[in-house]
Amino acid sequence: MTTATPTVGAGAQAAGKPTTTAGRVRNRLNSRTATLVSLVIALLWTIPTFGLFVSSFRPEADIKSTGWWTFFTDPQFTLENYQDVLFGSSSSSGQLASYFINSLAITIPSVLFPLAFASLAAYALAWINFRGRDWLYIAIFAMQIVPLQMALVPLLKFFSTGVTVAGVQVMPAWDLVDEQKFAQVWFAHTCFALPFAVFLLHNFVSQLPRDLMEAARVDGATHPKIFRTIVLPLITPALAAFAIFQFLWVWNDLLVALIFAGGGNETAPLTVRLAEMAGTRGNEWQRLTAGAFVSIVVPLVVFLSLQRFFVRGLLAGSVKG
Amino acid sequence: MEFDFAEEQPKFLMLMYGLIAFVAVVGGLLLLLDVVPAWFARRREAQLVAASTGGAPLPRRRKPREGLFALFFLLPTLLLLTIGLVVPALRTVLLSFMDAGSDEWVGLRNYSWMFSEDSIVRVLLNTLIWVLLVPLVATTFGLLYAVMVDKARFESIAKSLIFLPMAISFVGASIIWKFVYAYRSEDQDQIGLLNQIVVTLGGEPRQWLLDSPLNTFLLIVIMVWIQAGFAMVVLAAAIKAIPGDIVEAARLDGVTPWQMFWQITMPSIRPALIVVVVTLSIATLKVFDIVRTATNGNYDTSVIANEMYNQAFRYGEAGQGSALAVFLFILVIPIVIYQIRNLRQQREG
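From first to last, the protein sequence lines stand for chains D and W.
Quick note, in the working numbering, the first sequence goes up one by one and the last residue is 321.
Quick note, in the working numbering, the second sequence goes up one by one and the last residue is 1349.
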């Protein structure tokens, strides 16, 4: 598996020097139109989000009676929507603060577990010789594409009734209540993340120089020691890339949470609550707009501050050539 | 009742348990891997010492146990994949041949139900529309944008803005677009952008999400809005990676931009293009959140993943839900095979 590392801009700059005056003018015009058109499209792309953002700061009566664009002719600003949707007392107001904590409690372990397990597995698949290694890797690789819908019904049954083989209870039911259900969600997310995590990290680990590994072996280092002292520090960017992926995926997930966490404010994450509000209170725009932003803000900050790692991971994970 | 922080404490406690479990499992595993070989090494050393002082024959040097190490490294992953993915997937296949309560075998009844029930045929048809349109539109847009932005200034800002929806959850994106599609009757001011535009142009406001089949296309817009950024970033990187001398040579030969695009750019980025289309197709087949949040599958907008959830977890029809899941899996099998062939070629080549 080769990881395409794009040589940024090498081609574009070398080629962008036409010799004739006419060519230079045409090129400049080209690039000016391109700049204009691409910026306009980028702005159009952002308008829906921007409209929601502006709306979330407008008073309830205004949101429901006039379009958000009137904000610029008649600016009315309030934080009440956020106050209401986060900490409001009535059950209809959202109580998102509680769900926000659930989202955090679900996400953090769901990122850490697959990260650790997959890096161990990726190392073994890349650098330890054993029989059937290639087949095992191909099997894990293929599992990436299996829709997780295939696993939902039996996995839920596994949690609720345990495992029985021929009438004998092999494993008891988990019988979790309230916030203990987090464990189910962690488990499910970890299982579903592993194939992609192994694949992505294997891409990086297998690219490490063979000489380095052999030198370490000659010096008498064991596999665990090589893994800890050589491999882990070298693949930090890959670990970061996967962590961001998994963070966004878990934080934004609806299906897994809906099934394994239930709908109460003891365990359900923001997405579940928001989907429910959009269904039952579809016209409470003052709450929906503010609520949507509460859920968007964390991934947005993570994404914007760590975009570099994210893009690198994306390219390593998908651009195989 | 006001928001009470004390009530949230059990959650933090649970989170802490989770983190402790993490440290214990991973730390324990690493420790085990460190201690056990060291112990074996010491024992062997002791044997060697004993042998050399006692004059006994040297113990035979055993082969280093690579396989054992591999097993320990792979143990958590294999265990979790077996419990969480492989066994459940096999059971789902079995369940799809059983009735609602998973008690009786019913043969292929769940599958014939799938293709005979009108509402489900509609679901399959919708999924087909999704899977044809989303990869096509998102990839085309992403490609055109990538080519254009390659020449533009403020490239990184423009790319970031297009890419931004990737960070927004499908649920959040659906709410954003529901707001765009929002409806107010004709005598009121419109609050939804789309209806406002229609009204400004002299049309009548419509309840966009209630109108089949238009509503399915409006939901597809949401998915394209999210995924185009992904296509654009991957393809832009592929375009940048085209060697400069090829582009230069073509330019010296005096090719038009049109020829340049079809004869240099397209063949060079073909692998990336395939990856984008495949990834988007799989993501689209599994789309669930958008449909559920925007219309809850009503008004003829449901897709397989949504219907599967309804059947299995709301109507208690485990058999029919499983059959839908299996059908979803059958749809991706060609992609799996294609990917495996690709991977094996790369490994051999």
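Everything labelled a hint here was simulated from the structure, so no lab data went into it.
Here a beta-carbon is modelled for each residue, glycine too, at the ideal position from N, C-alpha and C.
Where hints are given, some of them may not hold.
[Said to hold, decoys possible] Computed spacing ranges between beta-carbons, pair by pair: (1) D:Leu232 / W:Asp1245: 34 to 42 Å; (2) W:Leu1136 / D:Thr161: 39 to 47 Å; (3) W:Leu1030 / D:Pro209: 20 to 28 Å; (4) D:Arg131 / W:Phe1261: 24 to 32 Å; (5) D:Val40 / W:Leu1094: 49 to 57 Å; (6) D:Pro209 / W:Gly1028: 28 to 36 Å; (7) W:Leu1075 / D:Thr161: 51 to 59 Å; (8) W:Leu1013 / D:Gly279: 27 to 35 Å; (9) D:Ala215 / W:Leu1108: 55 to 63 Å; (10) W:Leu1075 / D:Ala173: 19 to 27 Å; (11) D:Thr70 / W:Arg1270: 44 to 52 Å; (12) D:Ala173 / W:Ile1340: 47 to 55 Å; (13) D:Pro233 / W:Val1087: 53 to 61 Å.
Against the structure, the hints come out as follows:
1. The hinted range of 34 to 42 Å is satisfied by Leu232 (chain D) and Asp1245 (chain W), whose Cβ atoms lie roughly 39 Å apart.
2. Distance hint for Leu1136 (chain W) and Thr161 (chain D): a CB-CB separation of about 44 Å, consistent with the stated range 39 to 47 Å.
3. Checking the proposed 20 to 28 Å range against Leu1030 (chain W) and Pro209 (chain D) shows it holds: the Cβ atoms sit about 24 Å from each other.
4. For Arg131 (chain D) paired with Phe1261 (chain W), a C-beta distance near 48 Å fails the hint of 24 to 32 Å.
5. Under the hint 49 to 57 Å, the C-beta atoms of Val40 (chain D) and Leu1094 (chain W), about 54 Å apart, fit the expected range.
6. Pro209 (chain D) and Gly1028 (chain W) have their C-beta atoms about 31 Å apart, which keeps the hinted 28 to 36 Å range intact.
7. Take Leu1075 (chain W) and Thr161 (chain D): their Cβ atoms lie about 26 Å apart, and the range 51 to 59 Å is violated.
8. A hinted range of 27 to 35 Å for the beta carbons of Leu1013 (chain W) and Gly279 (chain D) is consistent with their spacing of about 32 Å.
9. The given range of 55 to 63 Å is respected by Ala215 (chain D) and Leu1108 (chain W), whose C-beta atoms sit roughly 60 Å from each other.
10. At about 24 Å, the beta-carbon gap between Leu1075 (chain W) and Ala173 (chain D) stays in the expected band of 19 to 27 Å.
11. The hinted window of 44 to 52 Å between Thr70 (chain D) and Arg1270 (chain W) holds, with their beta carbons roughly 49 Å apart.
12. For the pair Ala173 (chain D) and Ile1340 (chain W), the supplied restraint of 47 to 55 Å is violated, since their beta-carbon distance comes to about 37 Å.
13. Checked against the hint of 53 to 61 Å, the C-beta distance between Pro233 (chain D) and Val1087 (chain W) comes to roughly 36 Å, which is inconsistent with it.
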